[in-house]
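Undergrad: Listed below are the residues making up each chain.
2 protein chains.
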Amino acid sequence: MSEKKRRAGAAATAASASKKPRVSSAASYAESLRSKLRPDASILSTLRALATAASKSKPPAAGSNTITAEDDLSAKNYIVVADQDSTSVTSRINRLVLAAARSILSGEGFSFAVPSRAASNQVYLPDLDRIVLLRRESARPFANVATARKATVTARVLSLVHAVLRRGIHVTKRDLFYTDVKLFGDQAQSDAVLDDVSCMLGCTRSSLHVVASEKGVVVGRLTFADDGDRIDCTRMGVGGKAIPPNIDRVSGIESDALFILLVEKDAAFMRLAEDRFYNRFPCIILTAKGQPDVATRLFLRRLKVELKLPVLALVDSDPYGLKILSVYMCGSKNMSYDSANLTTPDIKWLGVRPSDLDKYRVPEQCRLPMTDHDIKVGKELLEEDFVKQNEGWVKELETMLRTRQKAEIQALSSFGFQYLTEVYLPLKLQQQDWI
Amino acid sequence: MSEKKRRAGAAATAASASKKPRVSSAASYAESLRSKLRPDASILSTLRALATAASKSKPPAAGSNTITAEDDLSAKNYIVVADQDSTSVTSRINRLVLAAARSILSGEGFSFAVPSRAASNQVYLPDLDRIVLLRRESARPFANVATARKATVTARVLSLVHAVLRRGIHVTKRDLFYTDVKLFGDQAQSDAVLDDVSCMLGCTRSSLHVVASEKGVVVGRLTFADDGDRIDCTRMGVGGKAIPPNIDRVSGIESDALFILLVEKDAAFMRLAEDRFYNRFPCIILTAKGQPDVATRLFLRRLKVELKLPVLALVDSDPYGLKILSVYMCGSKNMSYDSANLTTPDIKWLGVRPSDLDKYRVPEQCRLPMTDHDIKVGKELLEEDFVKQNEGWVKELETMLRTRQKAEIQALSSFGFQYLTEVYLPLKLQQQDWI
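Listed in order, the protein sequences are those of chains S and C. For what it's worth, the UniProt record's numbering labels the leading residue of the first sequence as 1, then goes sequentially. For what it's worth, the UniProt record's numbering labels the leading residue of the second sequence as 1, then goes sequentially.
Please keep in mind that the hints were generated in silico from the structure rather than gathered at the bench. One or more of the hints may lead you astray.
No distinction is drawn between identical chains; accordingly, a pair holds when it is met within one copy or between any pair of copies.
Stated by the list, open to error - Heads up, simulated DSS-like pairs for lysine-lysine below, C-alpha to C-alpha not over 25 Å straight-line:
id : residue 1 : residue 2
1  : K182      : K289
2  : K348      : K388
3  : K173      : K56
4  : K395      : K150
5  : K428      : K308
6  : K359      : K182
7  : K150      : K348
8  : K173      : K289
9  : K182      : K348
10 : K359      : K36
11 : K348      : K428
12 : K376      : K173
13 : K56       : K289
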């Protein structure tokens, strides 16, 4: 290898006075990394040890973030919604409506106590490593000009959710809006009240059977039942299985995987699926094809909680890639009340990391200059608690901002279409090179 | 029913002087349509007769648009690319390169003959009912300042495609770009040359093993093999099976469906999947979740050609819904050279049609006013040959433009979340109400 390296270096010096790595030298260096790879059996034994460690660790460390006693204590201060079955949600609605009816009969009219979902009420809790909603409620009385309309909309949404649960079906937010366009006016209003109702009932939006559209796909060493149908994800071809929009119809999750590989983009997913990467290194591969949707986040969390596997992430080396990781890990601000059910803490950043660009000698032409907006987003991320907590992440982000360079996963294709699956990922796994 | 109708009408008159249908009357009318439904067995026998007729009709009428002798004749005038296996594409590349080498050795340098893909060269052929590319080639000599760069890029793309085919893998356009960023400069250039290469070799882009990302999903009475894995689409839960990006890995298509239901949107797809509509009326349900991607178009065409089933479309009642139909049926302009392989003619417009809004008394509040842009697109569609050919479509589009109203499939939710699957679609099928 060192011989190859020397030759590559000499060629680069001879051909160019520039310091930028040239394609030919970079390519031969990249090829030389192949010889660093130990036999698969050796890499697999490392992975097995890691998977065992992950499954044995305490729930908080393993990031399973189920509601523990500790959570319950602080739950007095912030809203925690949880998955509830239809019967439980229905009886919660019944109780709310009965209370309203009693209040009306006693001559006091009715009012809903609605948790405030304002930005000022959303905080990041380092202990829990996620964004949560503080407990602060405001009254929504019907007998008040300012709130009469919203109280009506709230009552209507409660009744619609009740109907959906009774029928045992699932609907989209759009469906909900169209059932009473005259009252709701526009969808933003019914959507907002739906989130209110989630907080009021203390249950997740999926428990209300109102689902988001699906975007994600999964392949690999995983079997589960989707609405009773047994799905074997090693037998889903190159296309993969679409992640179901209604997580509560997913059951019987089983796997012999050693880790979960979370991929930002479709193209990398396709490469991994076609090369059946999961047969060489037993894993579950999933992608939301960009910005993660609710269904994919719920699905990942279910896998993590039930299988207790390490989650390794493969994203672009740019601030947007890190943002996507933050959504998976800490949740998005406008769904903060549901962060416990939507987030998967303890995701490891495998690559492509800013330091990889030099380490793997990604050719200068395959790197892109960061735009002003990229730099702004990058600087903002440096201020985020979830980044600050991880020293390795801070360093990487600082490297990115210093070099002002970004790169896509696809940049690895400059060393050959299958470099990702044949060299880059196996070497990463062998070296346990994630942070 | 007439009693119900009278009551509903009376209620409407009593309650409101406005002519607009009100929610309550519309809802009771909508409910009354349920009684119009004949037993499923009767609807099924109609569908069976239609499916038999479709499978027996001549290829052009059935819209199977495989390359027939007739096509071959006119093919002298326009470019027809066809699916080719790897061996055939490889030998075509070899021939091109050998010709270039001979030309260089004889001292004449080399030049590629590249079909022009300019807009002026793209025409709609009524006989074939699709957009095609006229045969008009331009030379791309290497020994010319204006074309030297493009000739080099063309040679490089040919060599990359050759490498991909030799390895028997599939890559994305983005992968291709990243293998030589320095030469290609930006992806638009490698993409454009890739289309050139497709035309030059006379084969589809999927034959080059360069695939688009997948977006579509499918459920229902269909089994096929994806990269050798047997997929039963009645056992894909609510999420469905992701349509594979590489159509040439799809084989062994089998089905007992009576028709294919093409759905514009994810939400309607989810409703149909959850209600297992395909078990009541045997069908294959697919969606590209909006604007159709290449993978979904290729997949639909394969189903249509191999299964010879009628294709019924469920899209929004707006110009955009019709645009989507046009892409499935006639192709998009920038892929005109590949229209024979990407298009599925003879798709029937089942709904939601502008005339349905009054016929099903969709409440006024669930209809949306058309924007100026909508109206412009609608008027442009009226000038399109593929619309003009179908009198029914012209009438519907004129109705839309006259009333200046549009509506989404979801508008039917105003009559209940399952109205789509329980009343609207069964009634449409019973009445053979498509055009």
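Undergrad: Now look at each hint and say whether the structure bears it out.
TA: Going down the list of hints, with the structure as the test:
1. K182 / K289: neither (35 Å within a copy, 27 Å between copies)
2. K348 / K388: within (15 Å within a copy, 57 Å between copies)
3. K173 / K56: Cα proximity of K173 and K56: none, with 39 Å in one copy and 43 Å across.
4. K395 / K150: neither (47 Å within a copy, 42 Å between copies)
5. K428 / K308: Answer is within; shortest intra-copy Cα gap is 21 Å, inter-copy 49 Å.
6. K359 / K182: For K359 and K182, the Cα distance is within 25 Å only across copies (20 Å; inside one copy 60 Å).
7. K150 / K348: Neither, since 43 Å and 43 Å both go past 25 Å.
8. K173 / K289: Both ways: K173 and K289 sit 21 Å apart in one copy and 16 Å across, limit 25 Å.
9. K182 / K348: Neither: 47 Å inside a chain and 32 Å across chains, both beyond 25 Å.
10. K359 / K36: within (14 Å within a copy, 70 Å between copies)
11. K348 / K428: Only inside one copy: K348 and K428 sit 12 Å apart there, 52 Å across copies, limit 25 Å.
12. K376 / K173: Neither. Shortest intra-copy (33 Å) and inter-copy (30 Å) distances fail the 25 Å Cα cut-off.
13. K56 / K289: For K56 and K289, neither the intra-copy (31 Å) nor the inter-copy (41 Å) Cα distance is at most 25 Å.
Checked against the numbered hints given earlier, the structure breaks hints 1, 3, 4, 7, 9, 12, 13 and satisfies all the rest.
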